[in-house]
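Asks: Between the sequences and the hints, there should be enough to build the whole structure, so can you do that?
So the sequences go chain by chain: W and F.
What the first sequence shows, in the working numbering, is residues 1 to 533, in sequence order.
What the second sequence shows, in the working numbering, is residues 1 to 533, in sequence order.
None of these hints come from the bench; they were simulated from the model.
Don't take every hint at face value.
In this list, chains with the same sequence are indistinguishable; a pair is considered to hold if it fits within one copy or across any two.
Below, in silico cross-link-like pairs of lysine to any residue (SDA-like), each with a Cα-Cα straight-line distance of 20 angstroms or less [stated by the list, open to error]:
| # | residue 1 | residue 2 |
| --- | --- | --- |
| 1 | K379 | A448 |
| 2 | K308 | T322 |
| 3 | K190 | L210 |
| 4 | K258 | Q204 |
| 5 | K203 | A294 |
| 6 | K190 | V201 |
| 7 | K379 | D445 |
Protein chains: 2
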Amino acid sequence: MAEQADGAGAPPSRRALLARIGAVAGGAAMYQAMSALGVAAESTYSGPIRLEGDPRGASVVILGAGLAGMVAAMELRRAGYRVQVLEYADRAGGRCWSLRGGDRYTEMGGETQVVNFDQGLYFNPGPWRIPYNHHAVLDYCKRLGVALEPFVQVNYNALVHGRAAFGGKPQRYRAINADYQGGIAELLAKATKQGKLDEAVGKQDQEILLESLRAWGALNADMTYAKSLLTSDRRGFERDPGGGLTARPSFSEPVALKDVLSSRLWSYLVTGSLYEFQTTMFQPVGGMDMIAKAMAREVDGLVRYNAKVTAIRQDGNGVSITVQDAGGGAPEQVRADWCVCTLPLSILSQIEMNVGAPMAAAIGAVPYSASVKVGLQFKRRFWEQDEHIYGGISYTDLPIRMISYPSTAYGSPGKGVLLGAYAFGPYAYEFTALPAAERVRRALDWGATLHPQYRDEFDGGVSVGWHRVPGAMGCNGAWTDAKRAEHYDNLCAIDGRIVLAGEHASYIPAWQEGAILSSLDAISRLHRRVVSA
Amino acid sequence: MAEQADGAGAPPSRRALLARIGAVAGGAAMYQAMSALGVAAESTYSGPIRLEGDPRGASVVILGAGLAGMVAAMELRRAGYRVQVLEYADRAGGRCWSLRGGDRYTEMGGETQVVNFDQGLYFNPGPWRIPYNHHAVLDYCKRLGVALEPFVQVNYNALVHGRAAFGGKPQRYRAINADYQGGIAELLAKATKQGKLDEAVGKQDQEILLESLRAWGALNADMTYAKSLLTSDRRGFERDPGGGLTARPSFSEPVALKDVLSSRLWSYLVTGSLYEFQTTMFQPVGGMDMIAKAMAREVDGLVRYNAKVTAIRQDGNGVSITVQDAGGGAPEQVRADWCVCTLPLSILSQIEMNVGAPMAAAIGAVPYSASVKVGLQFKRRFWEQDEHIYGGISYTDLPIRMISYPSTAYGSPGKGVLLGAYAFGPYAYEFTALPAAERVRRALDWGATLHPQYRDEFDGGVSVGWHRVPGAMGCNGAWTDAKRAEHYDNLCAIDGRIVLAGEHASYIPAWQEGAILSSLDAISRLHRRVVSA
Numbered sequence: 001m002a003e004q005a006d007g008a009g010a011p012p013s014r015r016a017l018l019a020r021i022g023a024v025a026g027g028a029a030m031y032q033a034m035s036a037l038g039v040a041a042e043s044t045y046s047g048p049i050r051l052e053g054d055p056r057g058a059s060v061v062i063l064g065a066g067l068a069g070m071v072a073a074m075e076l077r078r079a080g081y082r083v084q085v086l087e088y089a090d091r092a093g094g095r096c097w098s099l100r101g102g103d104r105y106t107e108m109g110g111e112t113q114v115v116n117f118d119q120g121l122y123f124n125p126g127p128w129r130i131p132y133n134h135h136a137v138l139d140y141c142k143r144l145g146v147a148l149e150p151f152v153q154v155n156y157n158a159l160v161h162g163r164a165a166f167g168g169k170p171q172r173y174r175a176i177n178a179d180y181q182g183g184i185a186e187l188l189a190k191a192t193k194q195g196k197l198d199e200a201v202g203k204q205d206q207e208i209l210l211e212s213l214r215a216w217g218a219l220n221a222d223m224t225y226a227k228s229l230l231t232s233d234r235r236g237f238e239r240d241p242g243g244g245l246t247a248r249p250s251f252s253e254p255v256a257l258k259d260v261l262s263s264r265l266w267s268y269l270v271t272g273s274l275y276e277f278q279t280t281m282f283q284p285v286g287g288m289d290m291i292a293k294a295m296a297r298e299v300d301g302l303v304r305y306n307a308k309v310t311a312i313r314q315d316g317n318g319v320s321i322t323v324q325d326a327g328g329g330a331p332e333q334v335r336a337d338w339c340v341c342t343l344p345l346s347i348l349s350q351i352e353m354n355v356g357a358p359m360a361a362a363i364g365a366v367p368y369s370a371s372v373k374v375g376l377q378f379k380r381r382f383w384e385q386d387e388h389i390y391g392g393i394s395y396t397d398l399p400i401r402m403i404s405y406p407s408t409a410y411g412s413p414g415k416g417v418l419l420g421a422y423a424f425g426p427y428a429y430e431f432t433a434l435p436a437a438e439r440v441r442r443a444l445d446w447g448a449t450l451h452p453q454y455r456d457e458f459d460g461g462v463s464v465g466w467h468r469v470p471g472a473m474g475c476n477g478a479w480t481d482a483k484r485a486e487h488y489d490n491l492c493a494i495d496g497r498i499v500l501a502g503e504h505a506s507y508i509p510a511w512q513e514g515a516i517l518s519s520l521d522a523i524s525r526l527h528r529r530v531v532s533a
Numbered sequence: 001m002a003e004q005a006d007g008a009g010a011p012p013s014r015r016a017l018l019a020r021i022g023a024v025a026g027g028a029a030m031y032q033a034m035s036a037l038g039v040a041a042e043s044t045y046s047g048p049i050r051l052e053g054d055p056r057g058a059s060v061v062i063l064g065a066g067l068a069g070m071v072a073a074m075e076l077r078r079a080g081y082r083v084q085v086l087e088y089a090d091r092a093g094g095r096c097w098s099l100r101g102g103d104r105y106t107e108m109g110g111e112t113q114v115v116n117f118d119q120g121l122y123f124n125p126g127p128w129r130i131p132y133n134h135h136a137v138l139d140y141c142k143r144l145g146v147a148l149e150p151f152v153q154v155n156y157n158a159l160v161h162g163r164a165a166f167g168g169k170p171q172r173y174r175a176i177n178a179d180y181q182g183g184i185a186e187l188l189a190k191a192t193k194q195g196k197l198d199e200a201v202g203k204q205d206q207e208i209l210l211e212s213l214r215a216w217g218a219l220n221a222d223m224t225y226a227k228s229l230l231t232s233d234r235r236g237f238e239r240d241p242g243g244g245l246t247a248r249p250s251f252s253e254p255v256a257l258k259d260v261l262s263s264r265l266w267s268y269l270v271t272g273s274l275y276e277f278q279t280t281m282f283q284p285v286g287g288m289d290m291i292a293k294a295m296a297r298e299v300d301g302l303v304r305y306n307a308k309v310t311a312i313r314q315d316g317n318g319v320s321i322t323v324q325d326a327g328g329g330a331p332e333q334v335r336a337d338w339c340v341c342t343l344p345l346s347i348l349s350q351i352e353m354n355v356g357a358p359m360a361a362a363i364g365a366v367p368y369s370a371s372v373k374v375g376l377q378f379k380r381r382f383w384e385q386d387e388h389i390y391g392g393i394s395y396t397d398l399p400i401r402m403i404s405y406p407s408t409a410y411g412s413p414g415k416g417v418l419l420g421a422y423a424f425g426p427y428a429y430e431f432t433a434l435p436a437a438e439r440v441r442r443a444l445d446w447g448a449t450l451h452p453q454y455r456d457e458f459d460g461g462v463s464v465g466w467h468r469v470p471g472a473m474g475c476n477g478a479w480t481d482a483k484r485a486e487h488y489d490n491l492c493a494i495d496g497r498i499v500l501a502g503e504h505a506s507y508i509p510a511w512q513e514g515a516i517l518s519s520l521d522a523i524s525r526l527h528r529r530v531v532s533a
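Replies: What follows is the structure in structure tokens.
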């Protein structure tokens, strides 16, 4: 499978990155130009939106009560619009969703899973972390009173694992990180001292380079990376320093660079330095859907749930939405002056809609990623108790791709729920073709390679394949370079009385920040049109 | 000053490291031998201590109610000893200490500071973070119900600053980290492609090396580190990606390696990969002294506060401690069969005590580090609101050395207290020679270089120089290689009826873990002696 052959970083970062590479490569000249204009703001979000001017009683129908839809509803109502929201599901939030004990989830195909997690435990099938630079999400959390706590992305004591690496024995992140850094520092220092960098680096800079490599790579005085206090103080000790007469540490043996290289475990060292995964990251206390719930309280009374949109028609006077109630009955028409449509393109592309050819083509052009997550409950937090792993992520080239440990309730004595798999692409299809119980069983089998305690401590699980989630049918809009160049602007431009929003209408695909910024941009443009009409 | 000329990492890590280097360099053969014996345990702490056997009513007097003393008291009482603890101060905890609004602190010399912090805010003058590998501290927290939360050590969005670097303009950690990594990856890749590593690295390994450098260093397809989506996704964008039609990012311009090198800001990139500063770190919710308070509850009734020890005498039958009450009155004698003395050597070396020449020499041999911390309250959390810095540490070569932002209550609207200075060595002496208000003023002046908001938002501060703290007279025992070799075992060995404990009797100087492990080791040996007598 493609993911397994691919060693470059964790799936989500890579996915986001590739999407952006695709997005940008075609337009370098434009960005150069923007940069030359001195665009100084680091973020495109600079605080609460101001929609000035009177919409004079204009009405808007918003399709979808995910984050994009609810932000549009809150802000447009505040600006004076008459707002109604139509939501397919029986809850708000869309992909911002948490599963808890007692919850039932029925996927496309009809299989229902009932979650058995203990009280207070949860699993986020969708978004699960918030970067410090996602200013809009953070600001809405603040304004809506959603408490945040740190999400641990990189844990130096977590595991990195490859089936063909080190006889299949999981390694500690800290050891591979130290040995890779030390190995390349030693190589570069050696080349420098042998005069091989004389063309590239001036003599004076070479001296500072050597000094920096020694400090940064934990090299000894002779510029080698070898078993020592210095290297054990990065990769970990064979026996830790202690107290009294049982105090002396013993050092651990580093892995040679050639073995680190061939293990390919270096591919897991990148994630924490990526912009979206750098410290400090956050999660809402109690589950990601605390954001959805807080927004839902704000728009209480505006949302009609269980309302399936089957057609979107516009004319010179407004928009008419055909809605079918989940409880049955005849389809109804909902009228408004304007429409903000936040439905995923995977859904929207199947709905009858009279927009112009450019937007129609854009809607049909963007495929959606398949992805699957598995949440597993265990009888005790053995990863903390036995292995001193507190939060963070272990990576593997097994189909589960990663195991993420809860970034909350550290040291608590009861059960714990971890993310037991997070995979994309063909594997996600293959995996979710299995019955739910079988998916959980496989996640357990694979995970037991990293944590043998899995077998004794397992206590229930649930799986969500996004391409099988009703109302989503995919994880996120999977843009390519070519598709962005051809369709992105057409997707975002207002078409008559309709404007689209959601993560798919952003340069931050698959992130809540993309959904919110897209929504704010869309309603700003819509509002300008309304008040200038 | 020594610290200012020195670029290798943050003061505390360097200090701990140097102490350990000193400790170990003389005894490499011994560690090799231990290692060859297959000492497998990673930690010297393997769960609650078991003191088996009946002490038959033996009594013990414990000097000092810091962490070492209170652990000894808890565990020896549990094992059946009659325990009393003598504490100089009017509170338990020793260097495990937090200052809050209303607290008064009088340092040696007589100056009293009154803390004006808002309710709920605090400052830890002593220990302030707990590594994941400090298993004993974490286990005591768990057993005593001390809630923990993550302490953010490395924050990619925090600042790194040098007076002579980049015209004195603070840089973001993420940018320097990305540019250093990218710069050395490019250098090494170039050397590899030019065949300059052919002797050192086999052809097949060279291919993987190049692939790894490209991923790890964010190199472009031509193996250069240059302005691009890839590098902005590490160092940060000039303008972040957004949503809708305002979405396109603009890239930031990397700093050339030669400029990163000469800035010396690379010296701040090491800390987070050191064993004691790796993720996941913790702090007690509400202040470090939550540990002290929890232990004090356990030993309630055993501790006599305000009790100054002026002499320690032993004979064949037991130990006699001369105690002077802070309230005045005649000195008293406290008798016990055994003594566990946890007083800092800075204090103990000034107290009359009849131990053998080896222990006496050891007690007199270890100087104590000087250090100073300044806690500053501000009217609002401008570092979060204006600069999106959530927790973590900014580093500078100014005398304040660092600014650390609170790892808790993220996004809260009220005031905030940060660590405005943490310095060691000569500067600490120089600084604490000033009146307290002047120290705070200087910390403000220097800190304003990194955060101009300091001037408008300042709302009170407090400073603690450890060499001026009564009952401590120093930050920690500052071992050297030679001193360890000559004195460490003599310091830790039981002398007649007396055994010493504390961070100074450990290989983890200046950390609470050292104090606890030292105490557990000391009382284990003492107990064996008692039950085998």
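Asks: For K190 vs V201, is the C-alpha pair at or below 20 angstroms within one copy, between two copies, both, or neither?
Replies: Classified as both; 14 angstroms inside a copy, 12 angstroms across copies.
Asks: One pair to classify: K379 and D445, alpha carbons no more than 20 angstroms apart. Within, between, both, or neither?
Replies: within (17 angstroms within a copy, 53 angstroms between copies)
Asks: I want to check one pair: K379 and A448. Are their C-alpha atoms no more than 20 angstroms apart within a copy, between two copies, both, or neither?
Replies: within (15 angstroms within a copy, 51 angstroms between copies)
Asks: Using 20 angstroms as the alpha-carbon threshold, which applies to K190 and L210: within, between, both, or neither?
Replies: So K190 and L210 pass the 20 angstroms test inside a copy (9 angstroms) and across (17 angstroms) alike.
Asks: Could you place K258 and Q204 in one of the four classes (within, between, both, neither) given a Cα distance threshold of 20 angstroms?
Replies: between (30 angstroms within a copy, 10 angstroms between copies)
Asks: How would you classify K308 and T322 at a CA-CA limit of 20 angstroms: within, between, both, or neither?
Replies: The answer is within: 8 angstroms in one copy meets 20 angstroms, while 84 angstroms across copies does not.
Asks: Using 20 angstroms as the alpha carbon limit, work out where K203 and A294 are close: within a copy, between copies, both or neither.
Replies: neither (60 angstroms within a copy, 57 angstroms between copies)
Violation of the numbered hints given earlier is confined to hint 5; every other hint is satisfied by the structure.
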